[in-house]
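Each chain is listed here by its residues.
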Amino acid sequence: MRALVLLAMLLAAAVPWTQARIDARLGRHRAQEEVLYLWSGEQVRRLVPGFEDLLADVYWLRTVQYFGGQRVYAANKRFDLLLPLVDITVTLDPRLQIAYRYGATYLAETYPIGAGQPQAAVELLARGVRNLPHDWRLRQDLGLFHYYFLDDPQRASQILLEAAGMPGSPPFLATLAAQVLMKGGDRATSRQVWRRIYEQDEGPMKNNAAIHLAQLDALDALDAVNGAILAHERGTGVRPASLDDLRAAGYRGPLVDPVGVPFAYDRSEGRATLAPSSSLWRPNLK
Amino acid sequence: MRRLAAVAHNTFRESVRERVLYNLLFFAVIMTVSGLLLGELSIRQDAKIIKDLGLAAMDLFGTLIALFVGVGLVSKEIERRSLHPLLAKPVSRDEFLVGKFAGLGFTLLVNVGLMTAGLYATLLALRRGADPALLKAVFAIYLALLVTVALALLLSIVTSTAVASVSTLCLVIAGRYSDVILNLGDVVPGMPAWALRAVMILIPNFRNFDLKDRVVYGDPVSFGDLGWITAYAAAYTGTVITLAVIAFRRRELT
Numbered sequence: 001m002r003a004l005v006l007l008a009m010l011l012a013a014a015v016p017w018t019q020a021r022i023d024a025r026l027g028r029h030r031a032q033e034e035v036l037y038l039w040s041g042e043q044v045r046r047l048v049p050g051f052e053d054l055l056a057d058v059y060w061l062r063t064v065q066y067f068g069g070q071r072v073y074a075a076n077k078r079f080d081l082l083l084p085l086v087d088i089t090v091t092l093d094p095r096l097q098i099a100y101r102y103g104a105t106y107l108a109e110t111y112p113i114g115a116g117q118p119q120a121a122v123e124l125l126a127r128g129v130r131n132l133p134h135d136w137r138l139r140q141d142l143g144l145f146h147y148y149f150l151d152d153p154q155r156a157s158q159i160l161l162e163a164a165g166m167p168g169s170p171p172f173l174a175t176l177a178a179q180v181l182m183k184g185g186d187r188a189t190s191r192q193v194w195r196r197i198y199e200q201d202e203g204p205m206k207n208n209a210a211i212h213l214a215q216l217d218a219l220d221a222l223d224a225v226n227g228a229i230l231a232h233e234r235g236t237g238v239r240p241a242s243l244d245d246l247r248a249a250g251y252r253g254p255l256v257d258p259v260g261v262p263f264a265y266d267r268s269e270g271r272a273t274l275a276p277s278s279s280l281w282r283p284n285l286k
Numbered sequence: 001m002r003r004l005a006a007v008a009h010n011t012f013r014e015s016v017r018e019r020v021l022y023n024l025l026f027f028a029v030i031m032t033v034s035g036l037l038l039g040e041l042s043i044r045q046d047a048k049i050i051k052d053l054g055l056a057a058m059d060l061f062g063t064l065i066a067l068f069v070g071v072g073l074v075s076k077e078i079e080r081r082s083l084h085p086l087l088a089k090p091v092s093r094d095e096f097l098v099g100k101f102a103g104l105g106f107t108l109l110v111n112v113g114l115m116t117a118g119l120y121a122t123l124l125a126l127r128r129g130a131d132p133a134l135l136k137a138v139f140a141i142y143l144a145l146l147v148t149v150a151l152a153l154l155l156s157i158v159t160s161t162a163v164a165s166v167s168t169l170c171l172v173i174a175g176r177y178s179d180v181i182l183n184l185g186d187v188v189p190g191m192p193a194w195a196l197r198a199v200m201i202l203i204p205n206f207r208n209f210d211l212k213d214r215v216v217y218g219d220p221v222s223f224g225d226l227g228w229i230t231a232y233a234a235a236y237t238g239t240v241i242t243l244a245v246i247a248f249r250r251r252e253l254t
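Which chain is which? The protein sequence lines are A and B, in order.
First residue of the first sequence? That's 1 in the working numbering, and the numbers climb one at a time after it.
First residue of the second sequence? That's 1 in the working numbering, and the numbers climb one at a time after it.
These aren't lab readings, by the way, just hints derived from the structure by calculation.
Where hints are given, some of them may not hold.
[To be verified] Computed footprint of chain B on chain A; a stretch qualifies when at least three of its residues, placed anywhere within it, have a C-beta under 8 Å from a C-beta of chain B:
hint	segment
1	41-53
2	58-65
3	169-182
Keep in mind it's a predicted model, so treat the numbers as computed, not measured.
We put the CB at the ideal spot given by N, CA and C, even for glycine.
Generate the whole structure from the sequences, applying the supplied hints.
This is how it looks when you write it as structure tokens:
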């Protein structure tokens, strides 16, 4: 009897050990690739009659676990899996509003934060609007994404006005629609767009909005630094050799971005930019 | 009536003795773990997921109990030959069969009732509010379980235990695909409409009993809707139990 208990304990201890070995060989998150075999949400829906909502929850949790939270900056994320995962989720439960909003956010953002597919993000939100026609929040997001990611202020303003006319929508939407139309791509309007998202949301979408707001602050700070570099060059006839020289010359503004990473400086161009090592850096940041 | 109640009472006691209610332990673990973890993982969707999970677990556990215990209700008594001394007492075959059905029905009621209490306790512990509309979905699930028990009982009388298990399972699955059956005419153009209608009537439409999505999203489910669902369940279960009674009367007990 004692030998059997010992054997059972030994075998039980072997379970996590063998699992660790398998993970080391095949990778911890390989299970996500199952979606490659089930590309269609309709296929999955047909497999579980009566349990569609539960399976939608399972897919939703997998999506959040894989693409959100601590893994936001993971370099090896398979963003090609994001759209099928979200598609399966919303096919199983077409009323899961958060899946449209979250999916669209990570589809639209540039790599490494997101998949860099703003058109797919807008299509996902449009699908959400069709499935939840009385939801002003989805319509608001659709408008904001048209403005920010597709550079289409006219369509954005039109959709925001539709959202403003819906029951329960906040009064600022009508003002925002007008601002988007009048000022197009100016930074103050972008700041307002992201501030609204930051104030309304929580979790990864709030964090993402906070990153955008920090980027906008960084761009403001960079404008001031680049203005000072130009003024220094005009005043002394030479460009500062480094940003430290600019500080020594009396510049009092910040020389680091909002996450504390020093700005990069290219003396030949005479321009300061966000350092590529900063978590705020993106290609073509506007 | 007293004899029927006695059979039902014994069936319930037997189910408890056979640890049928142990599934409640799994349910409690599922609810506790999801209550602890989902808030972090799901971005504000914890209440929705807990409701989905709780109702799906009731549906799944209940169906498995209804199916596998239901199939054994009478057939086990026949195989063990424990039915003969029972029928020698002043208990008719009809009373025995209906009593068995009522006993398992009561076991499932206790089971579903405790799972519902667990679901509400989890929601209250998370301060998510105890939505009374959930009871409508629970009631519909319970009706579906009674239909399943009736089918299992009938099939176990007219076939062997193994065949009854498989065929009840097939009917339960087919009943959940009733929308596919309804559209079968589009896929098989030659299929006569009357045949399609006959299949639709024969196979229990378990879609009728699926109110989970509606109540979780707060859609209205009127008492009129529930009334019709109950009437459908009563008609279907009544028919199947009556057929089971007829089959049981004719069955030769060797």
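Evaluation of the provided hints:
{"no.": "1", "hint": "41-53", "in the structure": "holds (count 6)"}
{"no.": "2", "hint": "58-65", "in the structure": "holds (count 4)"}
{"no.": "3", "hint": "169-182", "in the structure": "violated (count 0)"}
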